[in-house]
Structure formats: C-alpha cells, structure tokens
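Asks: As a plain string of letters, each chain reads:
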Amino acid sequence: MALLQISEPGASPDPHQRRIAVGIDLGTTHSLVAAVRHGVAECLPDEQGRVILPSAVRYLPEGRRQIGAEALAAQAEDPENTIVSVKRFMGRSLADVANREHLPYQFEDRPGMLAIATRDGVKSPVEVSAEILATLRFRAEDSFADDLFGAVITVPAYFDDAQRQATKDAAELAGLKVLRLINEPTAAAIAYGLDNASEGLYAVYDLGGGTFDISLLRLTRGVFEVVATGGDAALGGDDFDRVLADWALAGRAVESAHDKRAVLVAARAAKEALSDAEETELVAALDTGELRVTVTRVQFEALVQPLIAKTLSAVKRVLRDAKVKPADVQGAVMVGGSTRMPVVRRAVGELFGREVLTNLNPDEVVALGAAIQANQLAGNAADGDILLLDVIPLSLGLETMGGLVERVIERNSTIPVAKAQDFTTFKDGQTAMAIHVLQGERELVSECRSLARFELRGIPPMVAGAARIRVSFQVDADGLLNVSAEELTSGVQAAVTVKPSYGLSDDQIAGMLKDGFSSAEGDMAARKLREAKVEAERMVLATRSALAADGDLLPEPERQALEARLVGLAAMDGDADAIDAAVKALAEATEGFAAERMNRSIARALTGRNVSAL
Amino acid sequence: MRLTDNDFQLFGLPERQAQVRADIDARWKSLQAEVHPDRFASEGAAAQRLAMQWAMRVNEGYQRLKDPLRRASYLCELRGAPVQAENNTAMPPAFLMQQMEWREALDDARDEAALTALDDEAAQAEVTALATVQCLLDDTHDAPAAASQVRALMFIQRFRADIDQRLAALDA
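These protein sequence lines map, in sequence, to chains A and B. With this note's numbering as the guide, the letters of the first sequence map in order to residues 1 to 614. With this note's numbering as the guide, the letters of the second sequence map in order to residues 1 to 172.
It is worth saying that the hints were derived from the structure and are not from the lab. All values reported here derive from a predicted model rather than from experimental measurement. Hints may contain errors.
As the list claims (entries may be wrong) - If you anchor each label on the Cβ, the simulated ranges turn out as follows:
#, chain 1, residue 1, chain 2, residue 2, range
1, B, N88, A, R470, 17 to 25 Å
2, B, D67, A, S446, 38 to 46 Å
3, A, N99, B, R16, 51 to 59 Å
Glycine included, C-beta positions come from ideal geometry on N, C-alpha and C.
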C-alpha cells in the first residue's frame with residue numbers, strides 16, 4: 001500500500017477510489033497488457049523490460065510450465081508440448097481447424113471444443129489461454145503492487161459467439177474480472193482517435209498472426225460507431241509463413257514435428273527480413289539435412305498475392321455492406337505485425353487511394369486502446385469521454401423447416417440487441433418444439449455454425465398452428481448470445497436459457513479451478529474469501545458513488561438504511577458465503593434506486609428536446 | 001420516459017415519415033451515451049441489467065427509425081394499417097409486369113456494368129416510391145394506401161438484395 005499518492009490529471013479526484021483496470025490484447029502470436037498511467041496509456045513491461053509476451057505455453061514435467069519467450073524458444077525442440085497460436089483453437093472443434101496436418105499437436109476431438117494432449121495431461125484451448133492471461137495479470141499486479149479491478153480483453157471483430165465465450169471463460173479461469181470484451185479494430189481506433197483527434201469514416205485493416213479483420217468505423221465527437229465488419233478468422237501472418245515454407249521446401253518431404261516447426265520458424269524470419277531487405281536467405285537446420293534457399297522480395301510478394309487478394313475482397317465486401325465507396329474512407333489504420341510487410345501497405349493504400357496510417361506501433365495499438373476503454377469503464381476517466389457502439393459480426397438465426405435458416409438478428413446490428421420471433425406448432429397436439437440456434441450468412445443450416453440446440457417442452461396440446469412460441473435472442477454488450485423460448489397463448493410459460501454449446505459450463509470452470517490451476521493462490525477457501533471481499537468492495541464503492549451522484553432520489557430513512565448496510569458489508573470478513581449473501585441482499589435492496597437513476601439519466605439525455613414534448 | 005413509449009416519443013422526434021437522418025443519429029447517440037451498459041460497468045448487477053434493457057430498446061428504435069422503409073411500415077402500424085407483408089401479396093398488374101422485366105434482366109446480366117445499371121434503375125424506382133409513401137403518410141394521411149406502397153417497396157428491396165448477391169459472387 002502506497003503511503004502517498006499523487007492525483008493524476010484527468011484521474012479520479014480521490015486517489016483511493018482509483019481502480020486499476022487494464023487492457024489486454026490476447027493475440028494469436030503475441031499478447032500485451034496496457035494500462036493508463038499518469039493519464040497516458042502505455043504497455044506494461046515484464047521484469048526484463050519486454051512488453052510483448054509471445055502467446056506460447058510449454059508444459060514441462062511435474063506440472064511446471066514456461067510461458068512466453070522461454071516457451072517460444074523451445075518450440076522447435078519440444079513442439080508437441082509447446083502450444084503456440086492457441087487462439088486459432090478457441091471455441092473450435094477439430095474439423096474447424098484448417099491445415100491441422102501441418103501442426104505438431106496431438107489433438108483430441110471433444111464435443112464443442114478440441115483439446116490437446118500434452119505431457120501434463122489434456123489441455124483445452126481455454127486453459128492454455130488462461131495461462132497467458134494469468135501471466136499478464138501477475139505482470140500488471142506487480143507493476144501496481146495492487147489487485148486489479150478488472151480488464152478489457154480484445155477479440156477479433158469476426159469472432160463468433162463460441163470464440164467470445166471461450167475467451168471470457170479463459171479470463172475467468174485466470175482470475176480476471178472482464179469489464180468488457182471489445183473488438184480489436186475498435187480498440188485500435190480508440191487509440192488512434194484519442195491521440196489524433198480524428199473524425200469521419202475510418203477503415204481498420206488488422207492482419208495479425210492468425211486472424212484478419214476489416215472494420216469500418218465512424219468517429220464523431222467521442223462516439224465510436226462500428227459501421228460494418230468482416231474478415232477471416234483463419235487468415236494471418238502464419239499463412240504467409242506457411243506459403244513461403246512450402247515454396248522453400250519445393251516438394252521436399254518433412255516428417256518430424258521438429259522439422260515442420262523449424263521450417264516455419266525459418267520462413268517467418270525470412271519474411272520479416274524481407275520487410276527491409278530486397279533479398280534474404282531462408283535457413284533451417286532439419287533432421288534430414290540443412291535447408292538453405294535464397295528468396296527475393298519480388299518472389300515473396302508473388303507467392304503471397306493470393307492471400308492479400310483474399311483480404312482485399314473482404315474489404316470490398318465490407319464497403320458494400322456499409323454502402324460506401326473507397327473514396328469515402330478518410331483513413332486506413334494499419335494494425336497487426338503483418339502490416340509491416342510493404343506489399344500489404346501498398347495494396348491497401350492502392351485500394352483506398354491514399355497513404356495508410358502507421359504512426360502508432362501496430363503491435364501495441366490494440367492493447368493501448370483497450371487500456372483507455374478499461375480506464376473509462378472502471379470509472380477513472382471524466383464522464384462522457386468516449387462511447388463505444390459496437391455491432392455483431394455475424395447474423396444469428398434459427399433452423400426452420402427444410403434445413404433452412406431464418407435470420408433473427410442481422411449482422412452489423414448495434415449491440416446490445418434483443419429480438420423476438422414467433423413460431424407455431426405444425427402438428428395437432430404437439431407438446432414440444434426443437435430449437436436450433438445458428439450463426440452465419442448462408443441460407444442452409446449445414447453451411448452455418450451451430451451454436452446451441454434445445455427443446456421447449458410442456459406446450460399444452462392444441463390444434464396445429466394455435467400455439468404461439470416466442471423465441472427471444474439477446475446479445476449483450478460483450479457480443480454474447482442468450483436465447484430463450486416461451487409459449488404465449490395458454491398463459492403457461494416454459495422458458496429455457498441456452499448455454500452456448502461451445503463455451504464451458506460453470507461446473508467445468510469450477511472443476512478446472514479445483515484441479516490446481518497455476519493462477520490459483522493458496523487453497524480454494526482462501527481464494528473464495530478473497531474474491532468475495534473484492535466483490536463486496538466493488539459493490540460498496542459502486543453504491544457509494546451512485547449515492548453521491550443521485551442520493552437525493554432516496555427518502556432520508558431509506559438512505560440511512562442503505563448507509564447502514566454499506567457500513568456493515570464493508571466490515572465483514574472471514575465467511576465468504578455470508579459476504580456473498582450480503583452482497584446479493586445489497587444488490588436487491590438497491591434495485592429500485594437503480595431504476596430511478598436510470599430514469600433520471602434518460603430525462604437528462606432528452607433535455608435538448610422541446611420542453612412541451614416531455 | 002418509459003420503455004413502452006413508441007420510437008418517435010423515445011427519440012423526441014415528430015411522428016411522421018419525413019425525418020432528417022442526422023437528427024435520428026444524434027438522438028440515438030445522446031440516448032446511448034446515457035443508458036449504455038458501459039456507463040454502468042463499475043456498478044451493481046441491477047443497474048447493469050436495467051442499462052442493457054434500455055440500450056436494447058434504444059437500438060431497436062434506432063433500427064426502425066433510420067431505415068425509411070421500416071419507419072414507414074412502423075407508421076402504418078401505429079396508424080392502424082399494418083403492412084402484413086406475409087399475408088397480403090396483392091400488387092397492381094403494372095408493378096408485377098415491371099418486376100418480371102427486372103427479373104429477366106437480372107437473369108441476363110453477365111457483368112458488373114449490367115448489374116450496376118440494373119441496380120441504378122431499381123434505386124431510382126425506390127426513391128420515387130419512398131417519396132410517394134412520404135406524401136401518403138404526411139400529407140394525405142392515407143395509411144392503407146401507404147401500406148400498399150410499402151409492400152411494393154419490399155419487392156424492390158428484395159430485388160436489390162439479389163443484385164447485391166450477384167455482385168458479391170463476381171468478387172468471390
């Protein structure tokens with residue numbers, strides 16, 4: 001605990017109320033953590049001064065593990081136990097993973113999400129990602145010598161529900177409170193928008209290690225509106241490496257996991273060298289003898305042309321979605337290490353007819369933007385600074401007769417969003433209905449991603465067509481979906497809430513935590529108590545700031561009763577269950593107050609309107 | 001303000017078809033600035049849930065108001081003449097003839113230029129039909145006639161979506 005704290009410009013006036021919130025870019029090839037310090041977003045370095053943490057986890061004997069650069073250094077010698085680019089496996093089944101025959105892992109097909117067998121047992125991609133997140137969490141806690149209030153974690157805008165859910169599960173497993181999942185391009189625009197005070201329509205071209213995102217954003221007076229988004233969740237720098245590696249091998253067979261990895265590592269080094277040099281040598285020491293090939297930039301650019309063309313056609317599609325022309329775009333922001341390739345910058349610049357924006361570090365820009373948003377969500381920034389209005393990347397729908405998909409929520413709808421669709425029974429006396437939730441743009445069920453299946457049972461017997469079954473979709477501000485179904489006409493209600501079939505259940509997460517996850521400190525009871533106290537503290541702080549802002553809405557006796565509750569809760573210790581119960585009771589007691597405050601907010605938003613209209 | 005107010009009341013806009021898009025956008029943003037869950041991220045679950053309900057309601061209204069066709073359809077419903085596109089497909093013969101000509105032209109179109117020319121023609125028809133709808137709703141107050149015109153506009157939009165798909169197929 002610091003003895004003396006100096007209030008920062010633009011920060012909370014009371015330094016003790018300042019909450020530490022970080023932005024995390026959980027990337028395919030590398031990850032970063034950033035925070036706003038002294039009013040400026042900056043990436044936090046590790047003890048050796050490195051800000052980039054390679055997204056690599058190596059499982060060692062006896063439950064030990066290496067994370068980051070050490071793991072990456074070992075990937076050629078221990079490929080089966082060194083997991084890199086795990087982001088590609090998040091929320092994916094084995095069949096989803098392209099090029100898996102090129103990968104050195106022992107995959108296990110599991111319902112929902114694949115897993116990887118290592119010497120330390122079978123690991124889910126969620127667990128592997130949680131190791132990376134926990135490493136960043138510890139780094140941030142060491143930097144501030146304090147607990148974290150929460151984190152904003154970025155995901156590709158193109159991530160579907162299963163991938164977002166998996167990311168959130170990983171954060172939970174790493175002991176992080178997720179303030180919000182935000183899209184990577186949006187985070188990049190936040191970083192650029194605030195630093196450059198840009199206004200207008202911007203394209204964010206994000207070519208990372210394993211994913212490609214293209215988003216159009218409209219920036220107006222602090223509002224970041226995602227107009228349209230598209231991309232490819234399985235296209236990135238890794239593919240450029242693979243194309244170059246295959247070319248260099250020229251048909252020479254590589255069998256061992258070591259050789260496969262060594263060629264890819266050499267290809268990546270050659271690719272990076274070609275960003276500055278006109279010519280370089282690709283050298284790999286393989287078990288079957290040395291591989292040494294000279295490659296020119298011109299040759300490389302010809303090889304990767306199809307990959308770049310793929311990204312450009314996604315850009316055109318997004319422009320068409322938004323009904324704008326390339327000339328309407330005022331700037332193209334380059335994000336992701338792969339945009340260092342001159343051929344990429346040139347191609348994007350030509351499409352938009354202008355120089356691309358590269359003045360922020362393309363590796364750091366996403367984490368910096370996430371940190372700015374985290375700082376705001378934690379309540380540290382002055383109110384009203386920025387507002388993020390994001391959209392869902394893919395349409396959501398239901399299976400109807402004949403294997404067709406009926407869209408319920410169109411892609412690029414602003415979130416949060418709710419929509420209901422009514423259906424009916426097609427047989428006399430039908431008492432159950434199967435509901436199949438899908439995501440994607442195609443018309444056939446078989447070409448969309450299946451998110452969940454459930455049955456609505458207990459429909460009272462009626463003639464065909466008489467029942468009214470309302471299926472409601474709800475996408476929250478993180479882009480996560482909930483679906484429920486209800487029969488309306490009879491007054492009998494039967495509703496179900498879906499857990500996305502690709503996410504982990506709460507039980508699974510609890511189980512993983514119990515299995516001695518590395519981020520768990522001490523025994524479960526101590527951890528539980530700590531978490532309960534953090535949550536209680538959060539609740540007390542939130543209620544106090546609500547009272548400070550709108551306390552006049554409450555009659556004096558109610559206000560005093562609330563005060564007493566707060567004092568009581570703040571003093572509690574020792575019994576996690578009792579603290580949880582008190583937090584819940586406080587939440588229920590403030591429900592009415594919260595509604596009153598919301599009404600006041602709405603009235604405030606409408607003050608610009610004619611008084612007679614109110 | 002109540003969640004059950006109609007979209008025009010919620011956005012503080014006059015209840016008519018003619019609208020300035022910039023005003024709708026500005027009102028949407030100022031409403032979201034107050035109710036978005038991000039504004040309540042550091043508060044309790046009750047505030048978060050309420051904020052989400054409101055933000056969803058505001059987004060729902062925004063989607064309906066900003067699209068002239070959906071706005072017109074909504075106004076017809078408010079004025080007791082719901083469009084009921086799924087039950088009522090009766091169209092004037094002249095309109096159906098034009099639809100058939102367009103469909104044939106679409107089948108024959110082979111390149112981007114032909115498709116774009118066809119889309120320009122349909123876009124022009126859409127503008128004209130929207131002007132008619134606005135006149136029917138705001139000036140002559142004939143909601144049933146407006147509803148019929150809205151149904152015709154739905155055909156035009158579907159046709160343009162099909163052109164769009166063909167254009168997308170050319171890029172792929």
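Asks: It remains to establish, for every hint, whether it holds in the given structure.
Replies: How the hints compare with the structure:
The hint said 17 to 25 Å for the Cβ distance between B:N88 and A:R470, and at roughly 23 Å that hint holds. As the Cβ distance of B:D67 to A:S446 is approximately 31 Å, the hint placing it in 38 to 46 Å is violated. At about 57 Å, the CB distance of A:N99 to B:R16 agrees with the hint of 51 to 59 Å.
The structure shown violates just one earlier hint, number 2.
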